[in-house]
Amino acid sequence: MTQRKRLWKIALLAAITAGVALCAVSAKSAPAQQAGVLLSGSVKSDTGAKLDGVTVSARGVGQTITTSVFTDEDGNYYFPRMAEGKYRVWAQAEGFEAGKAEVSLNGTAGRQDFTLNTIKDNLEIVKQMTGQEYVTSLPEDTPERRKMKDVFYNTCTGCHEPNYILQNRFDEKGWEAILNLMSRVYNGGGEYAGPDMAPFPVMAYYKKELATYLSEVRGPGPSTMQIKLRARPRGEAARAIVTEYSVPVADPDANPTDDGFPTNDGTFWSLGTPSALNGSRGLHDSQTDRNGDIWFTTSEPSYTRTISRLDTKTGKVIDIKVPGMNGLAAPTHGLTMDLNGILWATVIGDPRGGGGNLLRVDPATMKYEVIAPPKGMVGASTSIDVDSKGNVWATTGSGAFRYDPNTHEFREFKSPTPTDNGPGGSYGIAADRMGNGWWTQINIDRVNRADIESGKTQEFHEPPRPARADGAITAEDKKLYELAGVELTDFGAWWSEGPRRMGADKNGDIVWVCDYWGGNLEKYDIRTLKSTRYRYPTPESAPYDASVDKDHNVWVNLTNGDSVARFDPKTEQWTEFPLPGRGINLRHISLDERDGATRIVVGYTRNSKIARMQIRSQEELQALKAQAQNFSASAGKP
Amino acid sequence: MIHKSSTFLIGLGFFLAISVPLRAQQSSVVPLTDAQKDGRRIFQQRCAVCHTLPTVVSKRYGPALYKELVEDNEDNIRGVILEGREGLMPGFKYGLTRAEVDSIVEYLKTVNRLARPKNNPNPKAGTPASSDE
Numbered sequence: 001m002t003q004r005k006r007l008w009k010i011a012l013l014a015a016i017t018a019g020v021a022l023c024a025v026s027a028k029s030a031p032a033q034q035a036g037v038l039l040s041g042s043v044k045s046d047t048g049a050k051l052d053g054v055t056v057s058a059r060g061v062g063q064t065i066t067t068s069v070f071t072d073e074d075g076n077y078y079f080p081r082m083a084e085g086k087y088r089v090w091a092q093a094e095g096f097e098a099g100k101a102e103v104s105l106n107g108t109a110g111r112q113d114f115t116l117n118t119i120k121d122n123l124e125i126v127k128q129m130t131g132q133e134y135v136t137s138l139p140e141d142t143p144e145r146r147k148m149k150d151v152f153y154n155t156c157t158g159c160h161e162p163n164y165i166l167q168n169r170f171d172e173k174g175w176e177a178i179l180n181l182m183s184r185v186y187n188g189g190g191e192y193a194g195p196d197m198a199p200f201p202v203m204a205y206y207k208k209e210l211a212t213y214l215s216e217v218r219g220p221g222p223s224t225m226q227i228k229l230r231a232r233p234r235g236e237a238a239r240a241i242v243t244e245y246s247v248p249v250a251d252p253d254a255n256p257t258d259d260g261f262p263t264n265d266g267t268f269w270s271l272g273t274p275s276a277l278n279g280s281r282g283l284h285d286s287q288t289d290r291n292g293d294i295w296f297t298t299s300e301p302s303y304t305r306t307i308s309r310l311d312t313k314t315g316k317v318i319d320i321k322v323p324g325m326n327g328l329a330a331p332t333h334g335l336t337m338d339l340n341g342i343l344w345a346t347v348i349g350d351p352r353g354g355g356g357n358l359l360r361v362d363p364a365t366m367k368y369e370v371i372a373p374p375k376g377m378v379g380a381s382t383s384i385d386v387d388s389k390g391n392v393w394a395t396t397g398s399g400a401f402r403y404d405p406n407t408h409e410f411r412e413f414k415s416p417t418p419t420d421n422g423p424g425g426s427y428g429i430a431a432d433r434m435g436n437g438w439w440t441q442i443n444i445d446r447v448n449r450a451d452i453e454s455g456k457t458q459e460f461h462e463p464p465r466p467a468r469a470d471g472a473i474t475a476e477d478k479k480l481y482e483l484a485g486v487e488l489t490d491f492g493a494w495w496s497e498g499p500r501r502m503g504a505d506k507n508g509d510i511v512w513v514c515d516y517w518g519g520n521l522e523k524y525d526i527r528t529l530k531s532t533r534y535r536y537p538t539p540e541s542a543p544y545d546a547s548v549d550k551d552h553n554v555w556v557n558l559t560n561g562d563s564v565a566r567f568d569p570k571t572e573q574w575t576e577f578p579l580p581g582r583g584i585n586l587r588h589i590s591l592d593e594r595d596g597a598t599r600i601v602v603g604y605t606r607n608s609k610i611a612r613m614q615i616r617s618q619e620e621l622q623a624l625k626a627q628a629q630n631f632s633a634s635a636g637k638p
Numbered sequence: 001m002i003h004k005s006s007t008f009l010i011g012l013g014f015f016l017a018i019s020v021p022l023r024a025q026q027s028s029v030v031p032l033t034d035a036q037k038d039g040r041r042i043f044q045q046r047c048a049v050c051h052t053l054p055t056v057v058s059k060r061y062g063p064a065l066y067k068e069l070v071e072d073n074e075d076n077i078r079g080v081i082l083e084g085r086e087g088l089m090p091g092f093k094y095g096l097t098r099a100e101v102d103s104i105v106e107y108l109k110t111v112n113r114l115a116r117p118k119n120n121p122n123p124k125a126g127t128p129a130s131s132d133e
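In order, the protein sequences belong to chains E and B. If you use our numbering, the first sequence corresponds to residues 1 to 638, in order. If you use our numbering, the second sequence corresponds to residues 1 to 133, in order.
Hints listed in this document are in silico derivations from the structure and should not be mistaken for laboratory results. Accuracy of the hints is not assured; some may be wrong.
[Stated by the list, open to error] Here are the simulated lysine-lysine pairs, DSS-like style, with alpha carbons at most 30 Å apart: (1) E/K313 x E/K570; (2) E/K389 x E/K456; (3) B/K67 x E/K316; (4) E/K173 x E/K207; (5) E/K523 x E/K414; (6) B/K37 x E/K100; (7) E/K120 x B/K93; (8) B/K93 x E/K228; (9) E/K127 x B/K37; (10) B/K67 x E/K173; (11) E/K530 x E/K506; (12) B/K93 x E/K127; (13) E/K208 x B/K93; (14) E/K570 x E/K530; (15) E/K86 x B/K37; (16) E/K173 x B/K93; (17) E/K625 x E/K44; (18) E/K173 x E/K479; (19) B/K37 x E/K120; (20) E/K207 x B/K93.
[Unchecked claim] Far from chain B by the CB rule (all over 12 Å, computed), these chain E residues: (21) E236; (22) K375; (23) A633.
These numbers were taken from a predicted model, which means no experiment stands behind them. Cβ coordinates follow ideal geometry from the N, Cα and C atoms, glycine included.
Using the sequences and the hints, build the whole thing.
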């Protein structure tokens with residue numbers, strides 16, 4: 001190094017040191033001032049009653065990021081400090097019209113109060129309901145009605161949220177027309193097969209009975225439903241803060257919108273449950289990378305989107321297209337991250353378009369690699385996980401495989417109850433901390449385990465749900481399911497538990513399985529192999545997937561509840577956290593625990609959004625409350 | 001240089017010319033009224049499952065709907081929406097208000113005839129279940 005260069009280096013170091021010191025002095029001497037504007041307010045009803053558990057949301061005008069909080073027991077809400085600017089703010093509670101306002105935030109604090117008008121017409125209230133609330137409200141006072149409720153639930157809600165269906169009111173012939181269509185739609189993909197396809201036998205067999213039942217609950221006359229709304233969030237659930245990121249539709253050419261986002265994304269409940277069509281559907285699994293950005297898979301065909309990165313600071317989405325068939329992007333489904341921060345996804349769809357392969361993505365470089373299983377091995381399907389040694393486990397049409405990224409070796413495991421890429425195909429997967437793989441077969445109520453040492457697999461057959469329709473189930477009914485079983489691809493009989501997706505406690509000895517139709521969380525001890533069943537208080541909420549946090553709590557996405565729930569294994573207590581949207585169809589849940597805090601991340605499969613939820617501490621909320629009270633006092637407000 | 005610029009402009013013009021019709025079921029360029037926007041939202045929520053392509057490669061169940069089918073045929077379209085068609089389509093008279101049906105009709109009067117997205121891999125996709133198209 002020359003003398004001149006050395007002098008420059010010393011001068012630079014001195015300048016940096018002086019700058020840092022000056023900043024430190026300034027920070028110490030300046031009065032404590034927090035960045036951003038505090039928005040708070042109160043919500044009451046038109047009768048003057050304080051309303052707790054009200055969802056209050058704010059989105060900057062022209063922005064794609066929405067923040068939501070909930071009112072406390074005094075009917076007050078407190079947003080975290082937000083950037084100055086114009087915001088749209090709205091407050092929603094079931095049974096009330098939404099309150100809407102536009103607020104300009106500047107200075108240190110702002111206030112917006114809401115008075116919500118009560119809705120008196122039940123026909124308007126039902127538009128706001130979740131799928132769980134609809135199903136809980138469906139009549140089941142006779143064996144025949146219980147039978148049709150179960151047939152509806154297990155036949156129609158494997159794909160649809162019940163509120164998407166039941167927001168309609170048709171007469172008997174109208175519901176029959178719907179069943180005519182749906183009996184020729186491929187389950188899972190949702191594609192119409194054409195008039196020549198033989199209808200699915202279960203739907204064809206129950207068409208008249210089911211149409212009659214549906215026309216009684218959602219038809220021309222007074223409904224036989226007894227509306228049962230769930231309680232609004234309180235306590236810890238009301239301390240949640242939810243950040244929602246709107247994701248543009250994948251193919252705007254094919255999907256007319258004003259701004260590239262769905263025309264109804266479930267934001268305003270009274271608009272009813274949005275459709276999954278016109279580009280709204282597709283966003284599937286989501287995973288936070290080490291920088292805090294969220295990646296997501298897309299399971300529907302598109303021309304642009306295989307896997308995407310959402311910048312959580314700006315809301316901007318960047319798509320990666322992996323070439324599939326005929327100019328399409330290869331669709332993906334399962335997504336996870338390994339110990340080195342590398343993302344792994346399953347490619348689905350036609351094998352000619354890459355279906356069955358693994359996709360490896362390095363978030364740092366955004367470079368990807370497609371890895372195909374050896375010829376003759378059944379390809380990857382819906383779900384993926386990584387074990388403690390970094391091996392990648394994926395479900396397949398006939399069981400599961402394990403891929404070692406170091407040796408590039410694939411190892412295949414078959415489910416003991418043989419299947420052929422149809423009913424009984426694997427759905428969820430989890431790798432336990434002993435390095436063994438577990439997977440479910442949703443249609444035939446099996447949970448399987450591969451012992452990595454012996455290479456053997458064993459299955460656990462979940463007992464059927466207790467009969468709810470005694471006296472109404474005939475020998476013909478049972479025979480139908482026996483005969484039709486091989487044709488069922490995405491729905492089960494009314495006794496099906498439906499083990500769907502699952503999660504392993506990576507720091508414990510438990511694998512947790514969600515029974516979708518049965519409404520249970522099933523605990524499997526990986527050492528004793530004993531199982532214990534925990535029923536969700538409202539089983540119609542449809543627990544779908546599980547993810548275990550650092551404290552061994554189990555986080556579950558409730559598909560029909562538009563919510564997530566936490567199960568504490570120590571106390572065996574559930575806490576439900578409603579999310580701000582309707583018809584959001586959660587199909588996956590992941591956790592972001594990079595800095596010690598636990599954030600829950602879910603994709604709104606049918607609404608093209610991603611949400612991240614965190615629970616605020618009481619102290620944090622108390623501090624905001626004190627700041628808001630100071631502002632109100634200085635502004636002369638109560 | 002001039003030659004290259006001309007080629008670029010011609011190419012750009014050609015690209016725009018073919019791009020516009022490819023915007024499948026895109027409404028006219030004129031911004032939609034509030035009623036038409038309501039109609040589009042309700043159409044996408046209640047009608048699109050049969051009358052549009054569920055995905056870019058799917059078959060459609062019912063006929064595509066566009067302005068040439070609806071203009072001067074509004075009463076007939078309203079009647080089908082309200083009463084349905086036996087075995088094929090439910091009537092919406094119990095679940096939609098008259099104003100909502102009107103907004104759907106007004107929206108449909110802005111919809112250009114369907115053009116499939118480019119590179120459609122399924123030439124048979126879009127085949128209607130009924131013979132109305």
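Each hint tested on the structure:
no.: 1; hint: E/K313 x E/K570; in the structure: 36 Å, violated
no.: 2; hint: E/K389 x E/K456; in the structure: 19 Å, holds
no.: 3; hint: B/K67 x E/K316; in the structure: 35 Å, violated
no.: 4; hint: E/K173 x E/K207; in the structure: 10 Å, holds
no.: 5; hint: E/K523 x E/K414; in the structure: 22 Å, holds
no.: 6; hint: B/K37 x E/K100; in the structure: 19 Å, holds
no.: 7; hint: E/K120 x B/K93; in the structure: 22 Å, holds
no.: 8; hint: B/K93 x E/K228; in the structure: 26 Å, holds
no.: 9; hint: E/K127 x B/K37; in the structure: 19 Å, holds
no.: 10; hint: B/K67 x E/K173; in the structure: 28 Å, holds
no.: 11; hint: E/K530 x E/K506; in the structure: 18 Å, holds
no.: 12; hint: B/K93 x E/K127; in the structure: 16 Å, holds
no.: 13; hint: E/K208 x B/K93; in the structure: 21 Å, holds
no.: 14; hint: E/K570 x E/K530; in the structure: 17 Å, holds
no.: 15; hint: E/K86 x B/K37; in the structure: 24 Å, holds
no.: 16; hint: E/K173 x B/K93; in the structure: 13 Å, holds
no.: 17; hint: E/K625 x E/K44; in the structure: 18 Å, holds
no.: 18; hint: E/K173 x E/K479; in the structure: 27 Å, holds
no.: 19; hint: B/K37 x E/K120; in the structure: 27 Å, holds
no.: 20; hint: E/K207 x B/K93; in the structure: 22 Å, holds
no.: 21; hint: E236; in the structure: 34 Å, holds
no.: 22; hint: K375; in the structure: 25 Å, holds
no.: 23; hint: A633; in the structure: 41 Å, holds
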